[in-house]
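Participant: Single-letter residue listing:
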Amino acid sequence: MSDCQNKGWSTKASDDVLLKRALMLKGIRSFFDANDVIEVETPLLSHYQTTDPHLDSLQSRFRDEVCFLNTSPEYAMKRLLASWKRPIYQICKAFRDDELGPNHNPEFTLLEWHRPGFDMQQLMAEVADLVKMLWPLANASDNGTPVFKSMSYQQAFEDFVGINPHQVTSLQCYQAAKAKNVDIPCGLTTDSYELNAWLDWLLTQLVLPAFDQSTFTFLYDYPAAQCSLAKVAMNEQQILVARRFELFYGQIELANGFHELTDADEQHRRFKLENTVRKHSGKRCARIDDNFIAALQFGLPECSGVAIGLDRLLMAVTQTPNIEHVLSFSWKRS
Amino acid sequence: MATYSTNQFKNGLKIILDNDPCSITENNVVKPGKGQAFNKIKAKNLRTGRVVERTFKSTESVEAADVDEMNVEYLYSDGEYWHFMEPSTFEQHAADAVAVGDAVKWLKGQEVCVMTLWDGSPLVITPPNFVELTVAQTDPGLKGDTAQGATKPATLETGTEVKVPLFINEGDILKIDTRNGEYVSRA
Numbered sequence: 001m002s003d004c005q006n007k008g009w010s011t012k013a014s015d016d017v018l019l020k021r022a023l024m025l026k027g028i029r030s031f032f033d034a035n036d037v038i039e040v041e042t043p044l045l046s047h048y049q050t051t052d053p054h055l056d057s058l059q060s061r062f063r064d065e066v067c068f069l070n071t072s073p074e075y076a077m078k079r080l081l082a083s084w085k086r087p088i089y090q091i092c093k094a095f096r097d098d099e100l101g102p103n104h105n106p107e108f109t110l111l112e113w114h115r116p117g118f119d120m121q122q123l124m125a126e127v128a129d130l131v132k133m134l135w136p137l138a139n140a141s142d143n144g145t146p147v148f149k150s151m152s153y154q155q156a157f158e159d160f161v162g163i164n165p166h167q168v169t170s171l172q173c174y175q176a177a178k179a180k181n182v183d184i185p186c187g188l189t190t191d192s193y194e195l196n197a198w199l200d201w202l203l204t205q206l207v208l209p210a211f212d213q214s215t216f217t218f219l220y221d222y223p224a225a226q227c228s229l230a231k232v233a234m235n236e237q238q239i240l241v242a243r244r245f246e247l248f249y250g251q252i253e254l255a256n257g258f259h260e261l262t263d264a265d266e267q268h269r270r271f272k273l274e275n276t277v278r279k280h281s282g283k284r285c286a287r288i289d290d291n292f293i294a295a296l297q298f299g300l301p302e303c304s305g306v307a308i309g310l311d312r313l314l315m316a317v318t319q320t321p322n323i324e325h326v327l328s329f330s331w332k333r334s
Numbered sequence: 335m336a337t338y339s340t341n342q343f344k345n346g347l348k349i350i351l352d353n354d355p356c357s358i359t360e361n362n363v364v365k366p367g368k369g370q371a372f373n374k375i376k377a378k379n380l381r382t383g384r385v386v387e388r389t390f391k392s393t394e395s396v397e398a399a400d401v402d403e404m405n406v407e408y409l410y411s412d413g414e415y416w417h418f419m420e421p422s423t424f425e426q427h428a429a430d431a432v433a434v435g436d437a438v439k440w441l442k443g444q445e446v447c448v449m450t451l452w453d454g455s456p457l458v459i460t461p462p463n464f465v466e467l468t469v470a471q472t473d474p475g476l477k478g479d480t481a482q483g484a485t486k487p488a489t490l491e492t493g494t495e496v497k498v499p500l501f502i503n504e505g506d507i508l509k510i511d512t513r514n515g516e517y518v519s520r521a
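For the record, the sequence lines run as chains S and L.
If you count the first sequence from 1, position 248 lands on 248 in the working numbering, and the numbers rise without skipping.
If you count the second sequence from 1, position 146 lands on 480 in the working numbering, and the numbers rise without skipping.
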């Protein structure tokens, strides 16, 4: 195969990586099989687009109706959970507009699973177990057990930025960036509504570069304003935080998980708020998925859920720096 | 005023930064998990040649630069302006000393240069990578001096001085690399 690797019709992935992708998928299925988590399939094509202000759905068409490729299978899986109430997982493709680069392909493979009865810490432990189980796929020289660290979003910002992210203003973020010689993005103002964008920027410029580059790091208890679909609760210092976590390998984000919000009214309110943010940044508002809200009204079991980008996990396991080299055919060659 | 949004950024796109036209040479999206995305770009200032780095919050827009490039033939200089012609249309463009810059060191006439136009006016003249020019004056090389790498100054027909090997004589035609101003070979 190596003879044709540079030809346009051929894959850019090595034989080794293609084989490891197959072994990874097989390993994931056996992991969940052993833990009695059931594989499900949900639609990739939906009547609804995402309301998330930082994501854009790719659009398609069925007969005369505009429809959308899913940005994640989360809503449909939660609808299954509401009626079925059993632990479920899915390996599927997800699609996101305008995401292309060394760590992004507009079409990518997600592993998502939901665990009724699990809190955030229990799910984080299971994520680590899964990654450890897959780690023997790594090259012989890096074998041994991967190192996992865990720190709260607040701790990370206090250590690496010198601010408490839950009690800070946009102006203070700007001052912290200036003090640490961080480049100030054009268009990022010190208006109060920009606070989350400031925290995101400081995260990429000061927090993630401070992570050990060959270590897995869980970041948890995000600012309440970045709750997305997570429950919000008081931490030990009586600060309201989102029970949300992300997993990074070095600086690359691999997974995002929630102790899932089960309150239908609160979820509906968040979707409407997201649409307001979309409008403000010049994006189209999205029709809210009524089926999903109805499922929450019916009753989602207390649960935690997580999505892992499998292409990026494969990049981490095989020490591949560009997503193009872990895909059979990336967007450019698709 | 035409603008580009960050999702239209790609290499070669011409935008205005710091009031100068620039060409994007690198565009990277920085995105922390689910959050706000940013575009980190490198761009070459087409007037000064300097590379600038800049970050944008995604969905920001930036002013487009109306920049064109075309091949033109150098005709002559009247002392104030340098005159170039578009070979296909015979249209003539006059560039001032700022636009011509260092290109003047290599131009004697009929060279095909790249002219960069900003809002219709000549911004930069880029000479061909290689030119062939005659040596107008140089001291004779010493007979038998074969020391490797030894050079002497030579003045070309355009008045520009270059370093040449000792065996070069007046009247020789030399091939010069205009990007670094170095002698390449005898033509």
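Bear in mind the hints are in silico, worked out from the structure with no lab data behind them.
Each hint should be verified, as a subset may be incorrect.
[As the list claims (entries may be wrong)] According to the in silico footprint, chain S covers these stretches of chain L (three or more CB under 8 Å from chain S): (1) 352 to 364; (2) 380 to 389; (3) 393 to 401.
Just so it is clear, CB atoms sit at the ideal spot from N, CA and C, and this is done for glycine as well.
Participant: Compare the structure with each hint and give your call.
Facilitator: Quick rundown of the hints versus the structure:
1. With 3 residues bearing a CB less than 8 Å from a CB of chain S, the segment 352 to 364 of chain L meets the requirement of three and the coverage assertion stands.
2. Using a Cβ-Cβ cut-off of 8 Å, 3 residues of the segment 380 to 389 of chain L lie near chain S, which meets the minimum of three, so the contact claim holds.
3. Look at the segment 393 to 401 of chain L against chain S: 3 of its residues bring a Cβ nearer than 8 Å to a Cβ of that chain, three or more, so the hint holds.
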